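Novice: Protein chains in written order, with this note's numbering: chain V, 1 to 525; chain P, 1 to 525.
Hints in this document: simulated from the structure, not taken from any laboratory. One thing to keep in mind: the hints can contain errors.
The list treats identical chains as interchangeable, and a pair is accepted whether it falls inside one copy or across any two copies.
[Said to hold, decoys possible] With a straight-line Cα cutoff of 27 Å, these simulated DSSO-like cross-link-like pairs (lysine-lysine) come out:
id: 1; residue 1: Lys248; residue 2: Lys455
id: 2; residue 1: Lys510; residue 2: Lys248
id: 3; residue 1: Lys375; residue 2: Lys463
id: 4; residue 1: Lys375; residue 2: Lys254
id: 5; residue 1: Lys455; residue 2: Lys375
id: 6; residue 1: Lys375; residue 2: Lys509
id: 7; residue 1: Lys248; residue 2: Lys52
This structure is a prediction, so every number in the text was calculated from the model and none was measured.
2 protein chains.
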Amino acid sequence: MSLVLPTHALKRTTCRLRLDTKGEHPASKRVHWSCLPEIGRMDVAEFRRRGKEMVDYIADYLENIEQRPVYPDVEPGYLRNLIPSEAPVEPEDYNDIIKDVERVIMPGITHWHSPHFYAYFAAASSYPAMLADMLCGAIGCIGFSWAASPACTELETVMLDWLGKMLKLPECFIAGTSGRGGGVIQGTASEATLIALLAARCKVINRMRASNPQLSESEIFSKLVSYTSIYSHSSVERAALIGGVTMKKVSTDKNFAVRGETLKKMIEEDKAAGLIPFFVCATLGTTPSCAFDRITELGPICNEENIWMHIDAAYAGSAFICPEFRPLLNGIEFADSFNFNPHKWLLINFDCSAMWVKNRADLIGAFNVDPLYLKHENQESGLVTDYRHWQIPLGRRFRSLKMWFVFRTYGIQGLQTYIRKHVSLAKEFEKMVLADENFEICAEVIMGLVCFRLKGSNEINQKLLDRITKLREIHLVPCQLEERFILRFAICARTTELRHIQRAWSHIKKLAYEILQESSHCLKG
Amino acid sequence: MSLVLPTHALKRTTCRLRLDTKGEHPASKRVHWSCLPEIGRMDVAEFRRRGKEMVDYIADYLENIEQRPVYPDVEPGYLRNLIPSEAPVEPEDYNDIIKDVERVIMPGITHWHSPHFYAYFAAASSYPAMLADMLCGAIGCIGFSWAASPACTELETVMLDWLGKMLKLPECFIAGTSGRGGGVIQGTASEATLIALLAARCKVINRMRASNPQLSESEIFSKLVSYTSIYSHSSVERAALIGGVTMKKVSTDKNFAVRGETLKKMIEEDKAAGLIPFFVCATLGTTPSCAFDRITELGPICNEENIWMHIDAAYAGSAFICPEFRPLLNGIEFADSFNFNPHKWLLINFDCSAMWVKNRADLIGAFNVDPLYLKHENQESGLVTDYRHWQIPLGRRFRSLKMWFVFRTYGIQGLQTYIRKHVSLAKEFEKMVLADENFEICAEVIMGLVCFRLKGSNEINQKLLDRITKLREIHLVPCQLEERFILRFAICARTTELRHIQRAWSHIKKLAYEILQESSHCLKG
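Chain V extracted, bound-state conformation:
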């Protein structure tokens, strides 16, 4: 009954199979499948060889990334024509696959880790994080509960404690062995904001129903209002859309920061209109200009009004490990939840978004659905965290390994040095901009982002950006501040040095002068 078929025989069987679409596979009556040769299998010996080749490919790629154009020169749809329209029926040679990385993939890559990349915000990348991620892939546990891999859950709790202490978070956010708060790794800041909003929604509905039993859930639902800055990340508005609640945009002061007075006034008006304010998302380091909402003013208002305050410090949060930046986090004691992305600026490769809550029961209460196949013997012990109740997905990778490897390889000092280097490069760039009277700085440079523009129209700045994008020597994206079109220059790559930003500035200046000259010709003409 158990016979080993040669590969060609199997091929024939499989071909025949395609005609038979009912019932059991016909060959299974004759051949024991567990004895069939695996087709196209890469065995452990080949993995050792190919894995080491891949390590060298990665090292070569990152070592020489400067030589590649940072932004790709491809048109939409370029890739489809380069590869077949269907998966191969038979296995292909690995050499052909790896050759295609340069032929098919690399021409379409925006190189986020090139020192010529100044767009969006940084995406973290470091060698120890990559090593840890390799290990994460090999262990391949799905850590939805403590029992599904205790190390995966426990290292995460302790790493979030380490990081929380690095940030000098108030004790109530630290899990320890008996804390009511604690941290969790989310995939992105978007998910953290959504989770916070949903927990807040659940909490306010429970509270309102307890105090006003005559109110139905949907009546409460329809009166809920949340608030965030006009400069908040788009994901905040999206969280409200998903949660099905109203979100109002709060205007800012001249530094693009939300102030207590403005919020207070809106809350009072809404309460007077019978609405129920329940959630505020404050931002530390907004995406357009890295502005800081005044959480020392917003916090007391939220606490007084029983409003959940979530703080989104996606980019800027990493800097709070430096004592000189930590004061910007003052007011955190008023928050119910806090989030930032070590995968942006703390050398831990995406994804790793760190979130803390003061009271983890608030999260768990909002989503707890507990079928038998996910229960385990230690569930009720109090020491156990089942992170699936803290997040949108059920499954989760062993991401805390990256934190552990990076924190230990760099040490707190190494990480602080890294943050300071980026900030100092941004300050250098700011100086260059300020030294040229054709340009202006559009927002205070506090961290690694410089917002600048040519003095003049939005059109001329749009034109400047278009040329920069087209030439692909450096890559930037714009933002809008008070109707003004502005260029964002964000220090991003781990390997960005002074020489790179000097070169970037010469390039920008050259293109700007060309445009200025053209438009003066235009004016003259």
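Chain P: place on chain V using the hints.
Specialist: Below, chain P without anything else, positioned relative to chain V:
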């Protein structure tokens, strides 16, 4: 101004810094940070060395995984005592970190890729997927929009087309160059279900408001009803909780499958009560028993009633690449969205959950929030997909590389062989169970899951599972079907062979006989 400081000097500077918590870093006035040596940096040469060591560690781990107890022998809180309570201030030696993997991590791992692991459902793992994931980490692009890395978006679209064709999905789910549908990689099936429910919610609200302008959004909201099987995954109920809509549980036939008649009756009652049925989540391959809801019956009802039908085939979906299993997907033509997890059973490491929609405008319309810093020149071209509108998070990894490497390394034939091997092993196990009259099979064995139990009380089966868990030779989890406590035996690891399931069965039988003997002694006593 630009001087290079030796490491010890930097250490001093940083120490002084800790006392100063206001304003700018004092040293930044004297020292150019871009010239400071990076502390604790792992350079590219060391990465080459450590990366290759890691490849060997991974190969050794997976080659010898059978020798490790599959389930860990640790108590909750074990890990915290094994490592310091704070991150190190100074960098540590990499050798110490890697040594700690065996000391701290491995004792707390549930080894999902051990051939002794039969719990939950499979988590995929293969060498080509791990290689692709290494590359994904190195490229490290955040593919939220086409411009953020065209290759990341375009390969994903084409890979979902490849996979859709492997499953013989109806043409309307294939993106091609002009299709209205298409596929996307979600992190987990939970997210796919949530996205589908939210898109359906948005669509029904828009439709109702168009036809009944007098209805307010919150009035509609409060009348919405969704449906799913009593045996659906817990994440389906959770999606409704998050979306703030009612979800009703539909009972099943004796095969644990939802039938059209039952659903139709519920819908009619709800409509008569003034409610608005809008969403059905059908399951192909339920988590408790791998049952298949009858989508050929449910589909026409949903289409007729203008109800969004989502199909969750998280585990079973992979099997549809085999012609003999494809008939189970008949009825897919009625669905609005379909999802399964290649990261379960298609050799692609977590996370990779494949989702298709018939009309991508339904997803995009539900979440589109479009700030200037995310706009790009090609956005409106029609050929371009910005996947951030298709999902909950903004950021996303380059996960389609894993699909590309795995599909090409194995070929469709290799993948089919793999699926068939798992199914055949499950059938072998079923035979062993059936051959022992003390045991019974509790649900039809269609794929890689066998639900079985000792004939007798729930208590005796709970006792059997407790012993299995305690001895840690194999690992299973239970489920509940019609109040009966049942053991789930799922073929999980890539390396599970006939000898492993034979050994597992002997082990289970031995423990069962001990329990039976004890209880007969009890009875006699």
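Novice: Against this structure, judge whether each hint is valid.
Specialist: Results for each hint:
no.	hint	verdict
1	Lys248 x Lys455	neither (32 Å within a copy, 60 Å between copies)
2	Lys510 x Lys248	neither (42 Å within a copy, 64 Å between copies)
3	Lys375 x Lys463	between (59 Å within a copy, 15 Å between copies)
4	Lys375 x Lys254	between (53 Å within a copy, 25 Å between copies)
5	Lys455 x Lys375	between (63 Å within a copy, 23 Å between copies)
6	Lys375 x Lys509	between (62 Å within a copy, 24 Å between copies)
7	Lys248 x Lys52	neither (53 Å within a copy, 52 Å between copies)
Hint check: violations occur at hints 1, 2 and 7; the rest are consistent with the structure.
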